[in-house]
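Quick mapping for you: the protein sequence lines, in order, are chains A and B. Take the first sequence: its letters are residues 1321 to 1722, numbered as in our numbering. Take the second sequence: its letters are residues 1321 to 1722, numbered as in our numbering.
Do not take every clue at face value.
Same chains, same label: a pair holds when it works inside one copy or across any pair of copies.
Derived DSS-like pairs (lysine-lysine); straight-line CA-CA distance at most 30 angstroms [to be verified]:
| id | residue 1 | residue 2 |
| --- | --- | --- |
| 1 | K1333 | K1508 |
| 2 | K1662 | K1719 |
| 3 | K1536 | K1627 |
| 4 | K1662 | K1333 |
| 5 | K1695 | K1664 |
| 6 | K1719 | K1695 |
| 7 | K1719 | K1508 |
| 8 | K1695 | K1530 |
| 9 | K1695 | K1662 |
| 10 | K1506 | K1695 |
| 11 | K1530 | K1333 |
| 12 | K1664 | K1563 |
In short, the hints are calculated from the structure, not lab data.
Below are the chains, spelled out letter by letter.
Number of protein chains: 2
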Amino acid sequence: MVNIELVSSLSQKTETKIILVVVDGIGGLPHPCVGRTALEEANIPNLDRLAAVSSCGLVEPVALGITPGSGPSHLALFGYDPLRYDIGRGVLEALGVGLELQPSDVAARGNFCTVDDSSGVITDRRAGRIPTEENRRLVEMLRSINVEGVEVILESGKFHRFVALFRGQGLSGELYDTDPQHVGEKPKDAAPRTPDAAYTANLVNQWLEKVREVLKNEYPANMVLLRGFAGLPDIPGMSQVFKLTPAAISGYPMYRGLARLVGMEILETGPSLKDEVETLQAQFDNYDFFYLHVKDTDSSGEDGDFKRKVEVIEEFDALLPSILGLKPDVLIVTGDHSTPAKMKAHSWHPVPFLIHSEWVRPLRVEEFSEAACAKGDLGVFPSLGTMPLALAHGLKLGKFGA
Amino acid sequence: MVNIELVSSLSQKTETKIILVVVDGIGGLPHPCVGRTALEEANIPNLDRLAAVSSCGLVEPVALGITPGSGPSHLALFGYDPLRYDIGRGVLEALGVGLELQPSDVAARGNFCTVDDSSGVITDRRAGRIPTEENRRLVEMLRSINVEGVEVILESGKFHRFVALFRGQGLSGELYDTDPQHVGEKPKDAAPRTPDAAYTANLVNQWLEKVREVLKNEYPANMVLLRGFAGLPDIPGMSQVFKLTPAAISGYPMYRGLARLVGMEILETGPSLKDEVETLQAQFDNYDFFYLHVKDTDSSGEDGDFKRKVEVIEEFDALLPSILGLKPDVLIVTGDHSTPAKMKAHSWHPVPFLIHSEWVRPLRVEEFSEAACAKGDLGVFPSLGTMPLALAHGLKLGKFGA
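Given the sequences, and given the hints that come with them, work out the whole structure.
Printed below as a string of structure tokens:
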């Protein structure tokens, strides 16, 4: 059982330093070719040695049997119940393309689509998946549109996709999709879910009317559809909740965005894992909590590239001594979810977890793997328990009661 | 942690098939004669082999230390929180004798009792445990009673016990027992717990008045007591909650009734375990979820017949290859609770659990037993997690968040 309110109420500022390494999608399944998981297959002497002197277990990302996206799974690791704090799809997409959201912004996922000239009904919800360069040209055209009362910030994605950010006073994300999800229907107007959102709906519809005009000769991409309208969730920062001065090190916009959502400082870093560790070394004196993100274990898992996943794990293992050399008071190595190469997708399987500090009671597991962690002293526990364990081992939690 | 609302919201219809085998009361304790549990004592090569390539653990039926009846323990396995969905005793008894309940029915457990002719106070709450044949004769007499506005359906149980089902418009199960629980007091009138139930109380009392008249010369069974009044709980079906087309295979009325409560189709089957497996084979194409119930492990446990319990487990093991031959996408073997022969009763001890599918990450336990499952990858988890795991491994759950 995890009680974040209690943890928050007991948390106190100290000098100790915590590093949370999230090896994205690190958990796996035995791969058909070798009968072992990527973690088992990888040659990781440093992680194996560390696991033997750490508390180990398996974290359940959200709940039994639930496969999480990156948003909910990261929130849980950061100590925020993902069932309580809902990050809308539009917001996640905006974070993913590196847009910085302000509290009153409303974000939405956009598609270029094709509508029939005469009837106005949708004939292709993805406009034939136009090339990304074409997308960029069209988005540049749309940037010229002005609607009084709102600034519309646009960022191209791949093919037909883009992100739209509506910025202004008094906006609400409580809007229904304009995408009817079916061809043969007309794009819908943006309609408010709540009376509060009527003002925003009106502004969005003014923008859409101008978009139709601007794109009318751009067949097949002669209209847009918007989905997943969302404003920033109201999340208290980690400094407020846990009395930390937290920093994030990640090469990918979405994870930087998620970290920013919970009030972490985003550190500049290079694209490689080595760059990230160097950033950690350079900034180690300046913060007391570091989130360091390893992305390619997840990407390789999603690609079904077992060999690459093994290599990324080995690459991280080789950098582990540099991290340990900083002598953090608490070091956690885990993942946000499993991404078995066999499934080419995120999965629900619990994720290996180790926590190292002076104050652990290790069971001396033989290696860092799914099977070894399943036999660890921590058992299977919710990943929302990561922050309470981190703070406790950092001696950052006062006693409950007398 | 289990979150059924979330599971429900993510569930989707697919072609995959799930078989949930509930070996009733399968968990046990080391038996004094052999120092092993029935599962450990049984020769079960098929289950042992299956466990080695399955995810294993122990399920906690309801909560730590709680010994459940069959109703709550089955509800939990079916994905329904037994603390939320209360199946009244009257309803369970009615299901147990094979009565099919309609939504507005009110069921109660009945006892024949003895009252003193002159004072009217109860002298024996069980009427000297009259023979079952005598019970049948008396119930037949009671069937002749007519009360306007309600049909009273009666079914004899053993000795002094029977079930009464009140059928009519606008009935409520919110009635207090008429059984004062003590001799030396008069049978109580049926009294309403809520204003809504006053109408029902009046009908029941009219019936009881006529019962007293009909039985007045039938000493020692010259009156009845009613307990556990209950209406059908309002439970959404498994097709609605989990998008399944579920079917139940059980030779016993109570389990068929419990399955019907959650919207399963009840398949005709014979009395033996072999009959049940043949029904499963014959109907395998027609549903995507099967609940198959093995009863005699529980009955033998309740009888304290360790040897018989071992035999039933071995009998099931011999039929396992026929079930595996159907190539279900997910096969779960577990129990609803433990029934140690040593205790001659249900118990609170967690129950061995295995789930087999292409997507498991087995720890290669050595056998299917309480001790081996305690070392399994799933650890100890609430039996309410059975359905989330079943659906996840059947790839029937979409991703949570992005």
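Hints, verified against the model:
1. Taking the shortest Cα distances, K1333 and K1508 sit within 30 angstroms of each other only across copies (28 angstroms), while inside one copy they are farther apart (51 angstroms).
2. For the homomeric pair K1662 and K1719, the shortest alpha-carbon distance between copies (17 angstroms) is at most 30 angstroms, but the shortest distance inside one copy (45 angstroms) is not.
3. Taking identical chains as interchangeable, the C-alpha atoms of K1536 and K1627 are never at most 30 angstroms apart, the minima being 47 angstroms within one chain and 82 angstroms between chains.
4. Taking the closest pair of Cα atoms, K1662 and K1333 come within 30 angstroms of each other only across two copies (22 angstroms); inside a single copy the shortest separation is 43 angstroms, beyond that limit.
5. Taking the closest pair of Cα atoms, K1695 and K1664 come within 30 angstroms of each other both inside a single copy (26 angstroms) and across two copies (29 angstroms).
6. Taking the closest pair of Cα atoms, K1719 and K1695 come within 30 angstroms of each other both inside a single copy (29 angstroms) and across two copies (28 angstroms).
7. For a Cα distance limit of 30 angstroms, the shortest separation of K1719 from K1508 across copies, 26 angstroms, qualifies, whereas the shortest one inside one copy, 55 angstroms, does not.
8. Neither within a single protomer nor between protomers do K1695 and K1530 lie at most 30 angstroms apart by alpha-carbon distance, with minima of 60 angstroms and 64 angstroms respectively.
9. In the homo-oligomer, the alpha carbons of K1695 and K1662 lie at most 30 angstroms apart both inside one protomer (24 angstroms) and across protomers (25 angstroms), since each shortest distance falls under that limit.
10. For the identical chains of this complex, K1506 and K1695 are neighbours neither inside a copy (55 angstroms) nor across copies (57 angstroms), given an alpha-carbon limit of 30 angstroms.
11. In this homomeric assembly, K1530 and K1333 never come within 30 angstroms of each other (Cα to Cα): the closest approach is 52 angstroms inside a single copy and 40 angstroms across copies.
12. With identical chains, the CA atoms of K1664 and K1563 are at most 30 angstroms apart between copies only, with a shortest distance of 25 angstroms across copies and 38 angstroms within one.
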